Amino acid sequence: MIELRNVSKTYPNGTKGLSNINLTFEKGEFVVIVGLSGAGKSTLLRSINRLHEITEGEIRIDGKSITAAKGAELRRIRRDIGMVFQSFNLVKRSSVLRNVLAGRVGYHSGLRTLLGFPKADIHLALQALDRVNIAEKAYIRADQLSGGQQQRVAIARVLAQEAKIILADEPVASLDPLTTKQVMDDLKRINQELGITTIVNLHYIDLAREYATRIVGLRAGEVVFDGPVSEATDERFAEIYGRPIQEDELLGEKAL
Amino acid sequence: MNARTKQLPKPPGKLKHALTFVIVLFLLWGSAVQTEASIGRLISGIPNMWDLLKEMFPPNWAYFDNIVNPMLDTIRMAIAGTTFGAVFAIPLSILAARNMVRSPWVYQIARFILNLLRTIPDLLLAAIFVAIFGLGLIPGILALAVFSVGLIAKLTYESLETIDRGPLEAMTSVGASKLQWIAFGVVPQILPHFISYVLYTFEINVRAAAVLGLVGAGGIGLYYEKTLGFLEYDKTNSIILLTLAVVLAIDYFSTKLREKLL
Numbered sequence: 001m002i003e004l005r006n007v008s009k010t011y012p013n014g015t016k017g018l019s020n021i022n023l024t025f026e027k028g029e030f031v032v033i034v035g036l037s038g039a040g041k042s043t044l045l046r047s048i049n050r051l052h053e054i055t056e057g058e059i060r061i062d063g064k065s066i067t068a069a070k071g072a073e074l075r076r077i078r079r080d081i082g083m084v085f086q087s088f089n090l091v092k093r094s095s096v097l098r099n100v101l102a103g104r105v106g107y108h109s110g111l112r113t114l115l116g117f118p119k120a121d122i123h124l125a126l127q128a129l130d131r132v133n134i135a136e137k138a139y140i141r142a143d144q145l146s147g148g149q150q151q152r153v154a155i156a157r158v159l160a161q162e163a164k165i166i167l168a169d170e171p172v173a174s175l176d177p178l179t180t181k182q183v184m185d186d187l188k189r190i191n192q193e194l195g196i197t198t199i200v201n202l203h204y205i206d207l208a209r210e211y212a213t214r215i216v217g218l219r220a221g222e223v224v225f226d227g228p229v230s231e232a233t234d235e236r237f238a239e240i241y242g243r244p245i246q247e248d249e250l251l252g253e254k255a256l
Numbered sequence: 001m002n003a004r005t006k007q008l009p010k011p012p013g014k015l016k017h018a019l020t021f022v023i024v025l026f027l028l029w030g031s032a033v034q035t036e037a038s039i040g041r042l043i044s045g046i047p048n049m050w051d052l053l054k055e056m057f058p059p060n061w062a063y064f065d066n067i068v069n070p071m072l073d074t075i076r077m078a079i080a081g082t083t084f085g086a087v088f089a090i091p092l093s094i095l096a097a098r099n100m101v102r103s104p105w106v107y108q109i110a111r112f113i114l115n116l117l118r119t120i121p122d123l124l125l126a127a128i129f130v131a132i133f134g135l136g137l138i139p140g141i142l143a144l145a146v147f148s149v150g151l152i153a154k155l156t157y158e159s160l161e162t163i164d165r166g167p168l169e170a171m172t173s174v175g176a177s178k179l180q181w182i183a184f185g186v187v188p189q190i191l192p193h194f195i196s197y198v199l200y201t202f203e204i205n206v207r208a209a210a211v212l213g214l215v216g217a218g219g220i221g222l223y224y225e226k227t228l229g230f231l232e233y234d235k236t237n238s239i240i241l242l243t244l245a246v247v248l249a250i251d252y253f254s255t256k257l258r259e260k261l262l
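Line by line, the protein sequences are chains A and B.
Each residue of the first sequence is one higher than the last, beginning at 1 in the numbering used here.
Each residue of the second sequence is one higher than the last, beginning at 1 in the numbering used here.
Calculated from the structure, these hints are not laboratory results.
Note that the structure is a prediction, hence the values are computed from the model and not measured.
A portion of the hints provided could be inaccurate.
Per label pair, the in silico range of CB-to-CB distance [what the hints assert, rightly or not]:
| no. | chain 1 | residue 1 | chain 2 | residue 2 | range |
| --- | --- | --- | --- | --- | --- |
| 1 | A | Gly63 | B | Glu161 | 52 to 60 Å |
| 2 | B | Pro91 | A | Glu73 | 51 to 59 Å |
| 3 | A | Arg112 | B | Phe112 | 31 to 39 Å |
| 4 | A | Gln246 | B | Gly13 | 49 to 57 Å |
| 5 | A | Glu73 | B | Val187 | 22 to 30 Å |
Where a beta carbon is used, it is the ideal one built from N, C-alpha and C, also for glycine.
Build out the structure end to end from the sequences listed, making use of the hints.
Here's what the structure looks like:
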């Protein structure tokens with residue numbers, strides 16, 4: 001369970017990133033966060049695993065405050081939170097397997113990871129790759145893969161991490177419509193089969209409606225909508241965006 | 001027509017160029033006077049140069065037997081110096097890179113140390129180490145190591161600051177410690193560059209090591225001093241030719257290797 005209590009973020013130049021956010025995400029939910037770019041979607045997501053610091057309030061992960069955590073305790077909490085990025089964030093020169101194994105480092109001491117991973121970890125990493133259907137690419141350099149394949153490697157890294165929560169920050173923004181569907185399907189399947197709480201930032205509202213169990217709308221750093229997909233009508237979206245829905249906010253019928 | 005020509009912009013004045021020329025000329029003339037250099041002296045020196053060249057040829061081929069070992073010593077000095085330098089350059093380059101450490105204090109101090117190391121000429125370093133450790137290879141190796149740290153760390157930290165931040169962010173998000181963060185996010189990105197810089201430094205060090213013997217820091221340089229002192233210019237020529245051959249060979253292979261890396 002993730003709890004955000006009175007979370008605000010003010011940037012040093014005075015800009016409000018997030019203002020007074022109160023949200024609770026239950027285990028196993030598939031939440032999609034929507035909003036215009038600059039609405040604070042990415043800031044909100046990165047506050048949850050403290051890639052960004054918040055200036056007020058508190059965020060608790062399964063009862064433990066990540067806001068107050070330091071050093072080893074912070075790393076321990078982060079270990080349980082996997083993150084998928086828009087630009088995949090793989091080490092391009094390393095092999096696919098090594099990129100996936102990087103998800104395991106939180107379970108070992110620094111020295112152990114330098115000496116090489118235990119057999120069990122390698123097995124786990126290969127299984128994770130198999131779950132996203134690219135096990136045969138394990139020993140290829142990451143930059144040899146297409147964008148969609150690279151994003152699936154990033155998802156495998158999160159699986160190998162045995163994360164309880166997945167945060168995905170615009171995971172399909174740099175992918176074409178077909179691979180977009182494959183990656184979203186992977187995320188949805190993992191959410192359902194393993195019960196991993198999944199929070200995804202999305203730009204396309206039709207994609208949000210198709211995959212989410214719950215939609216959160218952000219506007220200028222504030223929560224302006226929070227409810228099930230059935231309530232997220234075109235009119236509500238127009239409210240979230242502050243204007244009618246535009247063509248480029250729809251992925252298109254034919255891809256879905 | 002006439003009105004239009006009036007509107008054309010005027011070229012900027014040439015005064016700045018003329019002034020620069022005068023200043024450069026003045027500096028040149030002043031330096032020549034102060035160092036007592038003149039074209040006349042250069043011309044009157046030509047016969048001496050010619051005499052020297054005549055004595056240098058033919059080179060004393062038999063002398064090669066004596067200088068192969070010192071030449072190998074020179075290469076060994078360069079290898080040892082570069083290796084020690086590379087090892088110490090690793091932590092220093094990380095401390096000097098703005099995206100690796102948060103505190104400006106740390107990277108400013110690290111950069112200050114690196115700048116200091118690179119300002120000291122290697123011959124001066126060698127002379128200082130000879131004074132401390134006595135004649136031999138050790139002061140030469142130390143001098144090269146200090147010089148290498150400065151150069152390798154400087155090149156490496158500049159490359160470090162340009163690496164992709166994405167994988168670093170990913171490593172933070174999986175809960176990596178600082179050591180793991182470096183091992184998995186930084187090292188794979190920087191390693192080819194680092195190896196290339198080490199090879200480049202090795203090339204420079206072979207050339208530098210060849211003259212370090214002049215101040216008693218071991219290697220082939222000692223033989224330059226000896227043969228020049230005894231006016232055995234044919235032997236000096238043999239040393240020059242051997243040095244040239246070795247330096248060219250090492251430069252060639254190192255350049256090829258570096259091309260493969262990047």
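Outcome of the hint check:
1. Gly63(A) with Glu161(B): 52 to 60 Å: This hint is violated: roughly 40 Å between Cβ atoms.
2. Pro91(B) with Glu73(A): 51 to 59 Å: 27 Å, violated
3. Arg112(A) with Phe112(B): 31 to 39 Å: 36 Å, holds
4. Gln246(A) with Gly13(B): 49 to 57 Å: Holds - the Cβ-Cβ distance for Gln246(A) and Gly13(B), about 56 Å, lies within 49 to 57 Å.
5. Glu73(A) with Val187(B): 22 to 30 Å: 26 Å, holds
Figure legend: structure checked against the earlier numbered hints; hints not met, in rising order: 1, 2.
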